[in-house]
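Number of protein chains: 2
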Amino acid sequence: MTTLTKIYDTSLTLLTDLYQLTMAHGYWKTGRAEQEAVFHLYFRKNPFEGGYTIAAGLEYALEYVRRFQFSGDDISYLAELEGNDGRPLFSPEFLSYLNDLEITCDLHAVPEGTVVFPHEPLVRVCGPILQCQLLETALLNLINYQTLIATKSARICTATGGDPVLEFGLRRAQGIDGGLSASRAAYIGGCAATSNVLAGKLFGIPVKGTHAHSWVMSFEDELSAFEEYAEAMPNNCVFLVDTYNTLEGVRNAIRVGIQLREAGHKMVGIRLDSGDLAYLSIEARRLLDEAGLTEAAIVASNDLDEATITSLKTQGARIAIWGVGTRLVTAYDQPALGGVYKLGAVRNENNEWEPKLKLSEQAIKTSTPGILQTRRFLNENGAVADMIYDELQNPLPAGNVLIDPLDPTRRRFLDESLQSEDLLIPVVRKGEIVHQQESLEKIRERAQQQLDLFHVGIQRHLEPHEYPVGLEQNLYNFKTEQILLARKLTQS
Amino acid sequence: MTTLTKIYDTSLTLLTDLYQLTMAHGYWKTGRAEQEAVFHLYFRKNPFEGGYTIAAGLEYALEYVRRFQFSGDDISYLAELEGNDGRPLFSPEFLSYLNDLEITCDLHAVPEGTVVFPHEPLVRVCGPILQCQLLETALLNLINYQTLIATKSARICTATGGDPVLEFGLRRAQGIDGGLSASRAAYIGGCAATSNVLAGKLFGIPVKGTHAHSWVMSFEDELSAFEEYAEAMPNNCVFLVDTYNTLEGVRNAIRVGIQLREAGHKMVGIRLDSGDLAYLSIEARRLLDEAGLTEAAIVASNDLDEATITSLKTQGARIAIWGVGTRLVTAYDQPALGGVYKLGAVRNENNEWEPKLKLSEQAIKTSTPGILQTRRFLNENGAVADMIYDELQNPLPAGNVLIDPLDPTRRRFLDESLQSEDLLIPVVRKGEIVHQQESLEKIRERAQQQLDLFHVGIQRHLEPHEYPVGLEQNLYNFKTEQILLARKLTQS
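Line by line, the protein sequences are chains Y and P.
Residues in the first sequence are numbered from 11 upward in steps of one, following this note's numbering.
Residues in the second sequence are numbered from 11 upward in steps of one, following this note's numbering.
There may be inaccurate statements among the hints.
The list treats identical chains as interchangeable, and a pair is accepted whether it falls inside one copy or across any two copies.
Unchecked claim - Calculated pairs, EDC-like style, for lysine to aspartate or glutamate (alpha carbon to alpha carbon, straight line, at most 20 Å):
(1) 55 <-> 343
(2) 39 <-> 237
(3) 39 <-> 425
(4) 440 <-> 112
(5) 39 <-> 112
(6) 39 <-> 173
(7) 55 <-> 491
(8) 276 <-> 300
(9) 276 <-> 476
(10) 498 <-> 258
(11) 375 <-> 417
(12) 440 <-> 455
(13) 39 <-> 110
(14) 39 <-> 230
(15) 39 <-> 315
(16) 55 <-> 455
(17) 276 <-> 95
(18) 39 <-> 473
(19) 452 <-> 425
(20) 323 <-> 283
(21) 39 <-> 95
(22) 498 <-> 231
Please keep in mind that the hints were generated in silico from the structure rather than gathered at the bench.
All of these numbers come straight from a predicted model, not from anything done at the bench.
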């Protein structure tokens, strides 16, 4: 039983947009319910003006597929819906079809923790078009958000330069699941621990926490509050020092830190949660060191993100552990990834795949036709370029050329000596999960190993290095042809 | 059984920050577990630079309180946690205390849909300090997010000037619950319907949807796609016209709209999802009207929010129905409310309430001591001012004066002829829910009625009217004294 099921007992099959069901009705009525189609889930731009993205959320998505089944309740609810003439929206025969429906699709996906780039499919769904559509909304919901947060977390961990980051976001997260799946994704992206105890229990993420301002306020004075806390929890002492006057708070913490040391315990550190964190951390460090508490760490929190952390580092702040909440779990500066799910091909009456594309006046929004896969080319130093190719265009040409989908004059020739691997792997075959559930530790390690494969410039926050991703030449030519064809067809 | 329980079968008691449990351990060990305390949940600033906030999320919060109970699993997990010396973080006796713990607190809250302002308590929790702390994180999580989204929704509905708003956000929401509770809160704020079918089923919200670009792409041409859709779903026809060329799409929709009319049905409308929505909606309206389809509505979507909607309205866009997704359900421009939960008072050894405050160098962050309530004063035209007062300062003085907590020179005298009502009502007594669950319709109506009580200027998006909220004079004086006292105390 995976996490999704531990949390959600109810049927989630209706966690979808109504238009998926009205289209399903349409496909079924026009006899096309079983027509095979391929959809790709991808995004068009790295979040946060960044240079990379870390895929996450697949475990939830697979569990959604595994559980997919309309309940009796679901069907009764759908039977009540009416169209604009007051008559039922769905016919009883169609509802009976849904009632018996089992997912028979094939899914390919990139493993969680993989570094990915715009236009590369994170998930590819192949199967009856009706089923592909019914999976769309939930797959987008589950993968968009966790991918966003894993990426945000990795950016924040880069900013601290290896100092541990604690995720403290639950109270400001977007709902229960905004808290739980954020803790999961933040851990994948590199956070060391969370304050969220349920995430600790469900995912095995280390949990951290000591006390709040209210603890201090509930005592007559701050020193008593620290002493009583140390008495009760001698093996978990990080004193929050800014309830009244921060540096006085540090002095009180030092008094108790010395008492702890004398009693054979150790003060883990102090926490700053307001004020000028650069100035206060430098002064606090000096006071702690002067008192011989050189191992006591300074934890800081207060609306931190990668920008404020970078600035504090530049100012010489003596912060060793970073507590990050709201801005991490809500991805404050860009709270949605903007992933999309687009039709790539349908199988026609002659049982041949027919590639499909959606036009847009913005080139970036025109989808790429075909059954797409991403091939990553590597040399001894790491990844050099990613090629999106169409499996229908097999065999691929020998002298591989990459063409930038948005600027065809940008091309890259790929040396034949390069190694390569395809990013999408089979995860569901005919509705059965074939991807073994991975431990969160393994996914987290993968994210780190993956980042190490790339030029460090992609991790820069300002004007990051742009890693080369392009279309395989035949695919590029085919897409261009199709766009011209589609535009001509619409001039009738 | 309320919605929360329908969705979440697992124990949510650990949906909290670890420090609540370490503090609980501390209170228990120092013999203060049962010491009575009062906490207030409030925010410091209206979101979105706006002039008001709509409270939401209480139903979930109450359900959380009702279900509160550590499971055997929860206790086993806590027993495994270790401190920095490798020894258990929690003693077995304490875990046994938790195992038997039942909530005995009193909660007061403002009903969902109430218009509220900064510093006014949304929830007041009174009871054993250990229990108050254990409820903190979940209450913040549940109320912060739904309040944020209800407010965002109301702002968007104001911008459309009464045109229906459809919430389409599920695919970009922050997790499953980010989708579900957003649909609920968006409906409270005034949205007319959602695309989220599970939200429709669980909350009774009207659901809307027709077809996507993929429907059109899966056919040989757009006209066939519309015709086949109309054949299958004649009572639910809103044609998405921008898959290839928008105005050509409108012409195809008109062809099918005429066929529908001839067959005794009615085309509900068309949907624009890209391009220049002002220009395209004006042209589409002209084409529809020329064809006699004057009742066909133009629906628009594409990253809309109150700012783009206002701009489109100013440009004379002929949009009748607005589909709003990502920017509503993630509250894109401010994805967290920033609500806090602060200690107001504790009962001392002499069984007397002792007011408490947290200092900050920023006046806005200094908490207000006491057991707080908000009294709203009204005349025949509506609300004139809100007074935050301390129930411990009873009886209140006759000539009521409001003092702006951030600028004491701003005062308002309240006429004795004014009516008044207190916003916080009892919702939990000794751990038992005493607030009857309200229908979502009723909450939604309340939000609208409440907004109508106030000067319309609070709904302005740019530089809104600032509704007067102040502290009752005795409370203001007491708070000022306490701040001075606390600052002196810390100069030791």
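- Task: Report the numbers of all earlier hints that the structure fails to satisfy, in ascending order.
- Result: Violated hints: 3, 6, 7, 9, 12, 15, 16, 18 and 19; rest satisfied.
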